[in-house]
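Visitor: Residues per chain are reported as follows:
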Amino acid sequence: LAKTTQPISMDSYEGQEVNITCSHNNIATNDYITWYQQFPSQGPRFIIQGYKTKVTNEVASLFIPADRKSSTLSLPRVSLSDTAVYYCLVGGFYNQGGKLIFGQGTELSVKP
Amino acid sequence: GAVVSQHPSRVICKSGTSVKIECRSLDFQATTMFWYRQFPKQSLMLMATSNEGSKATYEQGVEKDKFLINHASLTLSTLTVTSAHPEDSSFYICSARGTSANTGELFFGEGSRLTVL
Numbered sequence: 002l003a004k005t006t007q008p009i010s011m012d013s014y015e016g017q018e019v020n021i022t023c024s025h026n027n028i029a030t031n032d033y034i035t036w037y038q039q040f041p042s043q044g045p046r047f048i049i050q051g052y053k054t055k056v057t058n059e060v061a062s063l064f065i066p067a068d069r070k071s072s073t074l075s076l077p078r079v080s081l082s083d084t085a086v087y088y089c090l091v092g093g094f095y096n097q098g099g100k101l102i103f104g105q106g107t108e109l110s111v112k113p
Numbered sequence: 000g001a002v003v004s005q006h007p008s009r010v011i012c013k014s015g016t017s018v019k020i021e022c023r024s025l026d027f028q029a030t031t032m033f034w035y036r037q038f039p040k041q042s043l044m045l046m047a048t049s050n051e052g053s054k055a056t057y058e059q060g061v062e063k064d065k066f067l068i069n070h071a072s073l074t075l076s077t078l079t080v081t082s083a084h085p086e087d088s089s090f091y092i093c094s095a096r097g098t099s100a101n102t103g104e105l106f107f108g109e110g111s112r113l114t115v116l
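Chains A and B, in that order, give the protein sequences. If you're matching positions, the first sequence starts at 2 in the numbering used here and goes up one per residue. If you're matching positions, the second sequence starts at 0 in the numbering used here and goes up one per residue.
Treat the hints with care, since some could be wrong.
[Claimed, not checked] What follows is a list of derived Cβ distance ranges for each label pair:
id: 1; chain 1: B; residue 1: 84; chain 2: A; residue 2: 68; range: 41 to 49 Å
id: 2; chain 1: A; residue 1: 6; chain 2: B; residue 2: 15; range: 38 to 46 Å
id: 3; chain 1: B; residue 1: 79; chain 2: A; residue 2: 75; range: 37 to 45 Å
id: 4; chain 1: A; residue 1: 82; chain 2: B; residue 2: 41; range: 33 to 41 Å
id: 5; chain 1: B; residue 1: 15; chain 2: A; residue 2: 16; range: 50 to 58 Å
Just so you know, these hints were derived from the structure itself, not from any lab. For glycine and all other residues, C-beta sits at the position ideal for the given N, C-alpha and C.
Bound-form chain B, shown alone (with noise of 0.2 Å):
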């Protein structure tokens, strides 16, 4: 199946720092990206959507100045979140759609688990 990479894959930082999430489709051009959050014990919470050279879509109550989404090329779409505070901590996943997969199957990198202090 189509591979698809996230990175880093744990990252630290500070309260008041940015963060920066990358994620990549490594075999495939990935003309829609969607975001996820996960706490402990949940579910996958979509935060948004991303379409390659056009501005991310928000799922209601996802502050987009917080979690800025950049998607410049068919094969990579970057989640920063800005000003990090300990509760943005989460596990957060991306996922990609592919050009020709018309029967919604995702494609999920494998996580980004952000521990703000």
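So that you can see chain A by itself, here it is in the shape it has in the complex (with noise of 0.2 Å):
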């Protein structure tokens, strides 16, 4: 499976865009790049997946260049309630059957 390699931790200001950069320098041709958040407590949400390009919903964008070996997950205007851990993730079902490895996460804090 695809290590991945982000950030330990970020720091941002209420309003802020926040870009949050993940290496995956093996990414399997069959691999999906998934970003999930996590608050204390809780399980992972997710946020966006992608396969290449760029892909945007309502909450977030992902950009992934074409060698595929990085993305970067967008959050556009942050709050104080985006403060959380945001893990980058590669795998899909026909590596492994589907099974996810975490990495250490990005510990997004905004600040008002």
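The task is to assemble the complex, starting from two chains supplied on their own in separate frames and drawing on the hints.
Guide: Dropping the structure here:
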């Protein structure tokens, strides 16, 4: 399974755009890139998923370059409630039955 | 999105007793479920993969006789921590993959906090 590397922590202020980049140099052809958000004492919550180029939904955008060796989660205009740990995972059904291995994640702290 | 529910959300038990945690997929059939554990300020660690109707596959270093997993139906997987000890105190999280989810998206439960006294 592809290993992921993210910054351990990031700080931001309310209203700013936050970009979290994840490296996954060994991503396989069938792997998808998925980002999850986790609050303390809760299970991870799906944010966004993509395979290539750009994906956007109501909460975030995901940018994936052509070589797919990295990806960037973009959170527009963050608020205090976006303070959480963000995990980047790569994998898919065809790769070891779809199991996902979590890396260390990025602890985002949003300040007033 | 799909809903995965865990029960109980919190459990406190005495050392030496066994505790069962249930994981249910509420609105979809889950052929595969995954169990994770998470210690404070750490990431999730995959314990085992549970497939409906077959034996679970455990990750290296996870004792299968200690953490019994049963996936008897397409909507229910259980994790039993046998003869629990204080070092088993942790946050246990299950996740499920639907039958048509070939993109690898997993749906996670709310987690179960186990405290062993």
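Visitor: Compare the structure with each hint and give your call.
Guide: Tested hints:
no. : hint                      : result
1   : 84(B) x 68(A): 41 to 49 Å : 47 Å, holds
2   : 6(A) x 15(B): 38 to 46 Å  : 41 Å, holds
3   : 79(B) x 75(A): 37 to 45 Å : 42 Å, holds
4   : 82(A) x 41(B): 33 to 41 Å : 23 Å, violated
5   : 15(B) x 16(A): 50 to 58 Å : 53 Å, holds
Of the numbered hints listed earlier, the single one contradicted by the structure is hint 4.
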